[in-house]
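K.L.:
Start counting the sequence shown at 1; every next residue gets the next number (the UniProt record's numbering).
Calculated from the structure, these hints are not laboratory results. Backbone N, C-alpha and C fix where the C-beta goes; we use that ideal spot for every residue, glycine too. Please note: incorrect hints may appear among the correct ones.
[Unchecked claim] Label-pair distances were calculated between CB atoms; the ranges are:
#1 Thr69 to Cys11: 55 to 63 angstroms
#2 Ser51 to Pro78: 29 to 37 angstroms
#3 Ala53 to Thr19: 23 to 31 angstroms
#4 Gly24 to Pro71: 55 to 63 angstroms
#5 Arg77 to Pro43: 41 to 49 angstroms
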Amino acid sequence: MPTYVFRCPSCGDFEAFRTMAAVGPGAPCPECDRDAPRRMTAPGLNTGGPSHAAVAAHERSAHAPGVVTAPPSAPARPADPRHARLPRP
Numbered sequence: 001m002p003t004y005v006f007r008c009p010s011c012g013d014f015e016a017f018r019t020m021a022a023v024g025p026g027a028p029c030p031e032c033d034r035d036a037p038r039r040m041t042a043p044g045l046n047t048g049g050p051s052h053a054a055v056a057a058h059e060r061s062a063h064a065p066g067v068v069t070a071p072p073s074a075p076a077r078p079a080d081p082r083h084a085r086l087p088r089p
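Starting from the given sequences, assemble the full structure and let the hints guide the process.
P.N.:
Here you go:
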């Protein structure tokens, strides 16, 4: 659901979640209940690229890689019944 920014003349900016069909030119201020006109802001678009957290982790590891003494151990896997040995006759 989109987030819209409104500006109350006395309280300042506030955000409100509205569907695109339900948003209008104004909304009541949550503090003083005065009519606040909607502000035009840049849309928050997700480009589908890497997240900020992933980019930050990559940058940290590029400058100071972690030192390990051995490869990580693999977790024990449960036995697969399809590969169980048959009893010998």
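K.L.:
A separate judgement is required for each hint: does it hold in the structure or not?
P.N.:
Comparing the hints with the structure gives:
no. : hint                               : result
1   : Thr69 to Cys11: 55 to 63 angstroms : 57 angstroms, holds
2   : Ser51 to Pro78: 29 to 37 angstroms : 33 angstroms, holds
3   : Ala53 to Thr19: 23 to 31 angstroms : 29 angstroms, holds
4   : Gly24 to Pro71: 55 to 63 angstroms : 59 angstroms, holds
5   : Arg77 to Pro43: 41 to 49 angstroms : 46 angstroms, holds
The structure agrees with every numbered hint stated previously.
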